[in-house]
Amino acid sequence: MEIRTISGRRATNRRGAAEYLNIPLNTVRMKSSPGQRGQTGWPEPLAERLDDQDWFALDELDAYRKRSEPALPSPPQVDDPERVIGVSDFARLRGVALETVKTYVKLSLDDWLAGRPGYLPRPLSLQAPYQWHMGDAVAWSFPATRRTSSGRPPGRRPTTADLRRVLAATAKGQPEPTARQLAALLSAEFDPPVSLQTVYRLVKRMRQENDAAAGHSGE
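The numbering of the sequence shown is the numbering used here, which starts it at -10 and goes up by one.
These aren't lab readings, by the way, just hints derived from the structure by calculation.
Keep in mind that a hint or two might mislead.
[What the hints assert, rightly or not] Dumping the calculated DSBU-like pairs for lysine-lysine here, alpha-carbon to alpha-carbon at most 30 Å:
no., residue 1, residue 2
1, K193, K55
2, K91, K193
3, K91, K55
4, K193, K95
5, K55, K20
6, K20, K193
Working from the sequences, and respecting the hints, build out all of it.
Spelled out as structure tokens, the structure:
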């Protein structure tokens, strides 16, 4: 992600905005086009153009992110916050499929073992079947302010540069980390935890960058 300081403001180009907001580059191109900015609420580019590109201030991208977030639903009434619920109850509480919460459980196991929440808060016991107090589950699912899955404000999302750094740190002679291992390594540095889908997307983008670099070197 390329960041420049322009007229005292930190800014990035369209490709950087896509990584910063974790949305597809084509979506950024569409929403940031002159004919769409008024309808989509995308911020205006800075007056100064560099490298024949538009540059967008990071603080305005932060404001756009907040405006784009859907309104939070109201939490349900909890008569007994100490009531113990399981995975099925958690799925109904969040309004998602049971298989979705089961996936959240699998992706949270490494975090739970490390003593921190993952895609779900730490359960009462790390042995299945996993259970939570109803009050904790409601507080997690309906926070007073929007948060990431681990309860902290969203921060920078990983880029291909971060993926390359993690891969470069792999000991020589050792097999390349699996996608799940890469997700765990990146999740140790980023919040919210890095999903497998994000890893797959970063790997694909890194290979495209490698192919493009190889093409240029052969010219």
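Results of checking the hints against the structure:
{"no.": "1", "hint": "K193 x K55", "verdict": "holds, 28 Å"}
{"no.": "2", "hint": "K91 x K193", "verdict": "holds, 26 Å"}
{"no.": "3", "hint": "K91 x K55", "verdict": "holds, 29 Å"}
{"no.": "4", "hint": "K193 x K95", "verdict": "holds, 24 Å"}
{"no.": "5", "hint": "K55 x K20", "verdict": "holds, 16 Å"}
{"no.": "6", "hint": "K20 x K193", "verdict": "holds, 24 Å"}
The structure meets every hint from the earlier list without exception.
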